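Visitor: The residues making up each chain are set out below.
Protein chains: 4
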Amino acid sequence: MKEKLRLIVEDNTTKKGKIFDYFIQFLILLSLAAFSIQTLPNLKDKTITVLEFFELICVILFSLEYILRIYVSKNPWKYIFSFYGIIDLLSILPFFISHSIDLRALRVFRVFRIFRALKLIRYNKALHRFHLAAKIVKEEVILFLIVTAIFIFLASAGIYYFENKAQPEVFTSIFHSAWWAVVTLTTVGYGDVYPTTTGGKMFTFLILMIGVGIVTIPAGLVATALSKAREIQAEEKREKKRIKSPRK
Amino acid sequence: MKEKLRLIVEDNTTKKGKIFDYFIQFLILLSLAAFSIQTLPNLKDKTITVLEFFELICVILFSLEYILRIYVSKNPWKYIFSFYGIIDLLSILPFFISHSIDLRALRVFRVFRIFRALKLIRYNKALHRFHLAAKIVKEEVILFLIVTAIFIFLASAGIYYFENKAQPEVFTSIFHSAWWAVVTLTTVGYGDVYPTTTGGKMFTFLILMIGVGIVTIPAGLVATALSKAREIQAEEKREKKRIKSPRK
Amino acid sequence: MKEKLRLIVEDNTTKKGKIFDYFIQFLILLSLAAFSIQTLPNLKDKTITVLEFFELICVILFSLEYILRIYVSKNPWKYIFSFYGIIDLLSILPFFISHSIDLRALRVFRVFRIFRALKLIRYNKALHRFHLAAKIVKEEVILFLIVTAIFIFLASAGIYYFENKAQPEVFTSIFHSAWWAVVTLTTVGYGDVYPTTTGGKMFTFLILMIGVGIVTIPAGLVATALSKAREIQAEEKREKKRIKSPRK
Amino acid sequence: MKEKLRLIVEDNTTKKGKIFDYFIQFLILLSLAAFSIQTLPNLKDKTITVLEFFELICVILFSLEYILRIYVSKNPWKYIFSFYGIIDLLSILPFFISHSIDLRALRVFRVFRIFRALKLIRYNKALHRFHLAAKIVKEEVILFLIVTAIFIFLASAGIYYFENKAQPEVFTSIFHSAWWAVVTLTTVGYGDVYPTTTGGKMFTFLILMIGVGIVTIPAGLVATALSKAREIQAEEKREKKRIKSPRK
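In order, the protein sequence lines correspond to chains A, B, C and D.
Numbering that gives the first Met the number 0 puts the first residue of the first sequence at 0, with every later residue one more than the last.
Numbering that gives the first Met the number 0 puts the first residue of the second sequence at 0, with every later residue one more than the last.
Numbering that gives the first Met the number 0 puts the first residue of the third sequence at 0, with every later residue one more than the last.
Numbering that gives the first Met the number 0 puts the first residue of the fourth sequence at 0, with every later residue one more than the last.
Be aware that a few hints might be false.
[Stated by the list, open to error] These stretches of chain C come out as covered by chain D in the derived footprint (C-beta under 8 Å, 3 or more residues):
1. 9 to 17
2. 161 to 167
3. 223 to 234
[As the list claims (entries may be wrong)] 27 Å max Cα-Cα, derived DSSO-like pairs, lysine-lysine:
4. D/K134 with A/K236
5. A/K239 with B/K14
6. C/K137 with C/K227
7. C/K236 with D/K17
8. B/K134 with B/K227
9. B/K137 with C/K227
10. C/K239 with D/K134
11. C/K17 with B/K240
12. B/K1 with A/K164
13. B/K236 with C/K77
14. D/K1 with D/K17
15. A/K227 with D/K239
16. C/K227 with A/K137
17. D/K134 with B/K227
18. B/K43 with D/K239
19. A/K15 with A/K77
20. D/K227 with B/K134
21. A/K137 with B/K43
22. B/K1 with B/K17
23. B/K227 with B/K240
24. C/K17 with C/K1
25. D/K236 with D/K134
26. C/K17 with C/K3
27. B/K124 with B/K243
28. C/K3 with C/K14
FYI, nobody ran anything at the bench for these hints, they're computed from the structure.
Keep in mind it's a predicted model, so treat the numbers as computed, not measured.
C-beta: ideal position from N, C-alpha, C; glycine also.
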């Protein structure tokens, strides 16, 4: 019995296991949609009742799933303290502890449960590639994050000295200027803060010429690392084939 | 006779076939221009008459072309239900069914007929390369789209909690906040919505540091895949040469 | 005599040739600066007089240089109708024909003369690499430009239908909407035009998800092509060495 | 004694050296935080006193460190005129010379001392890779900077002619227009300056189509160069191994 259940709950290669997984995934998406709809203003009383009832059903089903997963697991404690175990608990816990708004916000973490769907669609190979790529560029990305942090600090301090006198209510302190630095260097440029003095504009020009690259290089690094990881995988595959048929 | 017409309509390697294709392409561009001009306000009555008359001519010519393509086709049904067959029909159908504005908007799909021009300019090889590249990065791009969707949801839910109290009319619900998330993560930053609380700004900073990469990586992936596809094509070409002249 | 002058004017490997070239480059930069300063409002009469006098000197010197280049050239007509020959003429012609503002604006083309400086700094190899890279990605870039054009048209027509009723003064016609499409797809996002309806916002979301990639991919293509061109050059260099010392 | 101190101050492989380095790094971060907090408006008198006292302690400790570094150095003058020597001096000098606000701003350069932290976290290899990558793309990046400068000048001059009459207070001169060119070509797009005439908008469209690539290509070049540098390092490593064990 327990063995049969495990095949359904933990395995997703069998037909029943797939149906179980698709159902849970579908329920997660529905519960996230309900969660989002609840934030809409001017909802009708009837809609709210329906949404709360649906939430009740979701929590019951997710709780059953959680208990089931602990029950069928060969090592229950390992599951409980695993990443997915904690996420699974966080997505039902708020309902039981209290109904205060703050805690219910934790429901948003249900979104992480969607990652489980990746198992279904069999992206193991692509995910493995990401893992490889992450290992390849780890050092560079950390280095770039440090450089970015230093660069944002310098940009904030610099613009503060140029613009503070002209726009004291916007560039009030280095912390306020950091908001400008982030919005500018990522090229978002909302337009709520921008330099107005000639000095500040020239400083922005300088900062942008160097900074735009710094912020976009990490993405380029990850992209090239992924293509490298693909090559490594292809190489490994060929290697395996050669070992299997050595007298070719 | 039918054979001769097919050489003109379907083939574009012959001189007559080329002239036919260039003429149709030119007509498509003209009809799209006319379509755009019709949306201009304060047009003179005379201009409207001319445009409508031109549209009439276009529809007649496109209809003749459509009938011709069915007539010369070896397998008419295959053409009718092919991608270009449907596009060709969509670009003339609205005129015959009704003159309601909504349906006439379908004329905009004529733009897809321009892709046929690619056959003319002989971009088969480059197109094949794109096909190869798409196959190489398919998995990663889908993975990134899922991650992007999850990321946008988390960003929307997060900013909603930070900014909803301060700007209830802008960050009204998670759906309204999603607009901010999209505009920010793609670095468009119109400036119609932006966080004003310190918490919201710090959250934006965090979201941008991770998110800008996520949105720009797919473009990098496609670019590197295309360069990889070019190498594969070059390899295939060399391979072919070697087979042709094995004793070199 | 003519031979000696040619060594100074056309050659930049000799010491005198270098001094001549540096002097001309310096003069071009100065004349561009003067040109920019002349657009400043509220200039003093004295400044204007100085700038006009400087412009006079520049034109005289550039004219002398132009005549000199024709004189020393082995094939004067070839020089006159070459790219640099025309640019050289355009940078002095406006002064002689008239003093109307419109024609004097042609002086801005003097900026192209700066490219000559590249010869000085010996970037021939890097330039050759760009030439190679351009040849490699030519097809893809043209393909992407066509796709971009089609995409901008579709985005403009789409947003026009969504937003025209809500903001008739901004999304007046497809042409007006094209401005929005360009500013959005390049992620500039000035904030002077943006959708306000739910339909328009969802359409923007869709357009951005696909479009941001389309606009940034060409840059990625050029970057990878340049790195490929570098490899080809390195390969060629090694090949040459091998030929020179075959018994290594 | 001096030898022992040198092991602590200059070396960071020993335990004591690491503690010393971590302490200095921590102090730098704290002093930068204090520096930023001091720019906040409406600080309480008590907070200011505490911050000034903390600054005094920092300067004393940094001065001691500076003297120590000169003392233990085998070649004191070399250290004093090295990059880090000057940075170290700049971070304490303002305090001693005067208390004028302008000079105290130099404290911001303390941020550069953080780079020393890189030695600690052992990023030598990644840093070396950056050095290699910089050497590979040096020529292209300089070429692109020149092209960018020319492009910004042309964009500024162009938009000035299109928009000056319509918006004389924004596009006052070519210098004022350069601010627009920078903000647009980097796709920041604050929205404080944008073209309003049809000519200006079409010019912007043209400029963006070419310009966006020019600004983003250098980042792509650096990213691919870094991946190339990684390959070179891996190659070198393999080469070394082969030399060590030649009869494998």
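Visitor: Would you mind marking each hint as holding or not holding in the structure?
Guide: Hints, verified against the model:
1. 9 to 17: Check failed, 0 qualifying residues.
2. 161 to 167: violated (count 0)
3. 223 to 234: holds (count 4)
4. D/K134 with A/K236: The given pair, whose Cα atoms are some 35 Å apart, is violated under the 27 Å limit.
5. A/K239 with B/K14: violated, 53 Å
6. C/K137 with C/K227: Within the cut-off at roughly 14 Å; holds.
7. C/K236 with D/K17: Violated, at about 47 Å.
8. B/K134 with B/K227: holds, 11 Å
9. B/K137 with C/K227: With Cα atoms ~23 Å apart, B/K137 and C/K227 stay inside 27 Å; holds.
10. C/K239 with D/K134: At roughly 23 Å apart (the allowed maximum being 27 Å), D/K134 and C/K239 satisfy the hint.
11. C/K17 with B/K240: violated, 49 Å
12. B/K1 with A/K164: violated, 81 Å
13. B/K236 with C/K77: Distance of about 40 Å is beyond 27 Å: violated.
14. D/K1 with D/K17: Cα-Cα ~18 Å, so holds.
15. A/K227 with D/K239: holds, 23 Å
16. C/K227 with A/K137: It holds: about 25 Å lies between the C-alpha atoms, which stays within 27 Å.
17. D/K134 with B/K227: With Cα atoms ~25 Å apart, D/K134 and B/K227 stay inside 27 Å; holds.
18. B/K43 with D/K239: violated, 80 Å
19. A/K15 with A/K77: Given pair A/K15, A/K77 holds - Cα atoms ~25 Å apart, limit 27 Å.
20. D/K227 with B/K134: Distance ~25 Å between D/K227 and B/K134 Cα, so the pair holds.
21. A/K137 with B/K43: violated, 64 Å
22. B/K1 with B/K17: holds, 18 Å
23. B/K227 with B/K240: Answer holds: B/K227 to B/K240 is near 20 Å, not above 27 Å.
24. C/K17 with C/K1: At roughly 18 Å apart (the allowed maximum being 27 Å), C/K1 and C/K17 satisfy the hint.
25. D/K236 with D/K134: holds, 19 Å
26. C/K17 with C/K3: Between C/K17 and C/K3 the Cα gap is close to 14 Å, so the pair holds against 27 Å.
27. B/K124 with B/K243: holds, 21 Å
28. C/K3 with C/K14: At roughly 13 Å apart (the allowed maximum being 27 Å), C/K14 and C/K3 satisfy the hint.
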